[in-house]
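Protein chains in written order, with my numbering: chain A, -15 to 232; chain B, -15 to 232; chain C, -15 to 232; chain D, -15 to 232.
Please keep in mind that the hints were generated in silico from the structure rather than gathered at the bench.
Check before you lean on any hint, since a few could be wrong.
Copies of the same chain are indistinguishable here, so a pair counts whether it falls within one copy or spans any two.
[Stated by the list, open to error] Dumping the calculated SDA-like pairs for lysine to any residue here, alpha-carbon to alpha-carbon at most 25 Å:
#  : residue 1 : residue 2
1  : K178      : I133
2  : K39       : H105
3  : K108      : K178
4  : K220      : E121
5  : K178      : I76
6  : K29       : N123
7  : K29       : G171
8  : K29       : G167
9  : K108      : K232
10 : K77       : E24
Here is what each chain is made of, one letter per residue.
Number of protein chains: 4
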Amino acid sequence: MPKNILKVIDFSTSKKNIVRNKIIMLKTPVIVLNVKTYAEATGDKTIEIAKIMDKVSNETDISMAISVQATDIYKCRETVEIPVFAEHIDPIKPGSHTGWTLPEAVKKAGAVGTLINHSEHRLKLADIDTCISRAKELNLDHIVCTNNIATSKAAAVFSPNFVAVEPPELIGGDISVTTADPGIVSGSVEAVKKIDERVKVLCGAGVKNGKDVAKSIELGADGVLLASGIVKADDKEKVIRDLAAGIK
Amino acid sequence: MPKNILKVIDFSTSKKNIVRNKIIMLKTPVIVLNVKTYAEATGDKTIEIAKIMDKVSNETDISMAISVQATDIYKCRETVEIPVFAEHIDPIKPGSHTGWTLPEAVKKAGAVGTLINHSEHRLKLADIDTCISRAKELNLDHIVCTNNIATSKAAAVFSPNFVAVEPPELIGGDISVTTADPGIVSGSVEAVKKIDERVKVLCGAGVKNGKDVAKSIELGADGVLLASGIVKADDKEKVIRDLAAGIK
Amino acid sequence: MPKNILKVIDFSTSKKNIVRNKIIMLKTPVIVLNVKTYAEATGDKTIEIAKIMDKVSNETDISMAISVQATDIYKCRETVEIPVFAEHIDPIKPGSHTGWTLPEAVKKAGAVGTLINHSEHRLKLADIDTCISRAKELNLDHIVCTNNIATSKAAAVFSPNFVAVEPPELIGGDISVTTADPGIVSGSVEAVKKIDERVKVLCGAGVKNGKDVAKSIELGADGVLLASGIVKADDKEKVIRDLAAGIK
Amino acid sequence: MPKNILKVIDFSTSKKNIVRNKIIMLKTPVIVLNVKTYAEATGDKTIEIAKIMDKVSNETDISMAISVQATDIYKCRETVEIPVFAEHIDPIKPGSHTGWTLPEAVKKAGAVGTLINHSEHRLKLADIDTCISRAKELNLDHIVCTNNIATSKAAAVFSPNFVAVEPPELIGGDISVTTADPGIVSGSVEAVKKIDERVKVLCGAGVKNGKDVAKSIELGADGVLLASGIVKADDKEKVIRDLAAGIK
């Protein structure tokens, strides 16, 4: 068993992950950063951000994870203790798929989980099914992104570990989904739990501070998924500490 | 300038790359391995293959390069001296593109070049244009894959460093393109050179041994692009040495 | 209101459609033919097939519908009384979408419904949501195609009029889904009804004769969706009569 | 041979098409309207626009063609004499391609030609090759849309009947490409003719009046491709007459 998987088990005992029915899964409430392909979060710059999250997570004991570009998984995983996620996997098995993202490859590089169907990388319905199955088969934690209550509920049918609802029109914007459309958060939580109460729900889009995080928990979510709120901030540590303060 | 780029310049002086008008470009004739997403070439297994190519390239002084999954670029680059390529880049600039392959990211991870438009990952015409422009802008060497003489000629219009013609129906098969359809190789060379004589031409599909490599050179190509011929071989070193023997 | 809609209401009163809460919807049990882009079902040849179905439907009073290429909707609709469906709509509103299939366009051409997400034309999850919404908004009947029990259940979340489950590996084959995998039919019916009992379920793939149709009904389906079984038959009328005999 | 093809030959003799080496091709200079999926150009509204173009074309003897949604080809073709084009074809042969646009289908519905690779419906390089081959095989006239000089030149490699260059950022805008970027028009004409002088060149994006048309001819183009300039105009006939006045 590679070293990174042992580390993951360490995370688990250090309460950064939980193992539920032997499934590796982020401990909640959780703050998940998706660095996208921002210039401010490519290569060594991603590692710097991951280090800050790692430090704050250790100091505050708030569960955090970082989702990085495929190229940066290995080095990120070598450097930090917080769980590293892939931003995407393709619905494929090993074989002739030049340039696509093989689930086994992100796992071997050190990712413990992956985003699936992000708003900027949407998948066909049958492919979401395949990606979730592949993630489960490889024991990769997984966050399926959705755009409204109906798609959140549909995604829940596949019993993923997480559904993260993000209204596309609010992504990257200045107003948090928890303020602009709180009903989509509470509605998604309700709809998802009705299908399968084990599925956890995150929310995202415009999340920027601890108040937004606190509101998301209040609305029933198990945490937040955010990107520009941290990546584009001048003082990243200050923002990360503020976000963490929103939990408990 | 990051260390890996300096190393690339070392390759150049060690005759594994050439610098033409300050453009980083593989020294030819060249043998390029595309490992795809084969199980036999994911994670550490890719590194093992790269090490063998590195050893044979050093011993024979035959130019070789390896194109690997995005997740494996960094570690591969840290381990071997032969040029490491990405298998794909997306036609994007830094920004909000979750899970897509940013040219800057593969460069920073250590790739000196990339495949573009592989038969298993075809791109729209305008996006091929954009990918080539982005590769040039970042001084990433680039091999544009095509499927016949006409598309090879069309790709040459963008003056890429390399065009690699591979008839899709022969990819992964037992008969080399140089035997099954030699006219597509010589025809592509002629068509490409008519558009821009600086563009180099590789051929691929079914290439398995030194005889196939020798024939490709004879047909006017500057080398070969292959995958399963090496990846699926029991004795990879033997195959790589045989391929190398096909040059000179 | 255009003439074709009045005709649709005629179908309704002639028991070929039902109006449920003012929603136009095929009367069930139903036999739906999808002609795909077969040479044997392009242009006038489609019309000939539609005429045979129209005749048999009138004589047997068995509900039938035909899904045709966008180019053939208008003429088909002008010629026959059975409901004409589109094979696909794109998730768009009127605007700048050159060459895509506007829901309004198929409606105006005379279609009373459409397939959505056929196995040969799969859509992203969010786009299935949009297509179903657009179909409801325009009062277009709609059949959402799925590939297994889980995707059938996920599709049911959007409360479409119909879900049609078709295992891709059996499509176009010689063995009917009702024989090769009866559990996928009964399982889909159960899963769909659990989500929303108003959603009707069709099954397809390899369906060729009345026995297959009878079995589909026995398994809980509301009818069948088929293609090559009719289109590729030498004696189409004989096959259509046999299929009809499978109902009641 | 269906009636509509005979009519096409009539167009030819009436000088609305030319037959070059037995290839059906629009007579130039030409004004081609692409109605997209605008609400103002769906169903009967398209027919109304086509009738106006037909009338003006007859009165002025200026060559015009209209590219319409697949659903509207048949009726449009039945109603007007000007050549009717499809907005798109898919790179397919007859078979199992539910909901895709079969070249044979648009031909049988009455289209004499088609757009290929419109900016709103871009195709992969290999698929552009296939679409052009299929159009030639069926003797469908064809206009390959491109976005800059380089892609225009690449498209010319396939020797299509027409290349239409349209800078995407100017499409639907208020300033004509002939004013905003005249160099892209003259540059494309030069680049295309260098590859194959038989290929004719249109230009588009923001074209709104006769002055723009005159300028396009002056820049070496064989006509214009436009959409909103006519479709969104209050007085369509006035605009069409003005555009026609730009020729000769």
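Going through the hints against the structure:
1. K178 x I133: Answer is both; intra-copy 12 Å and inter-copy 18 Å each pass.
2. K39 x H105: neither (30 Å within a copy, 39 Å between copies)
3. K108 x K178: Result: close both inside a copy and across copies, 23 Å intra and 23 Å inter.
4. K220 x E121: The answer is neither: 35 Å in one copy and 30 Å across copies each exceed 25 Å.
5. K178 x I76: The answer is neither: 30 Å in one copy and 30 Å across copies each exceed 25 Å.
6. K29 x N123: For K29 and N123, only the inter-copy Cα distance (21 Å) is at most 25 Å; the intra-copy one is 28 Å.
7. K29 x G171: neither (36 Å within a copy, 41 Å between copies)
8. K29 x G167: Result: close neither inside a copy nor across copies, 36 Å intra and 41 Å inter.
9. K108 x K232: neither (37 Å within a copy, 37 Å between copies)
10. K77 x E24: between (32 Å within a copy, 12 Å between copies)
Violated hints, listed in ascending order, are 2, 4, 5, 7, 8 and 9; each of the other numbered hints is respected by the structure.
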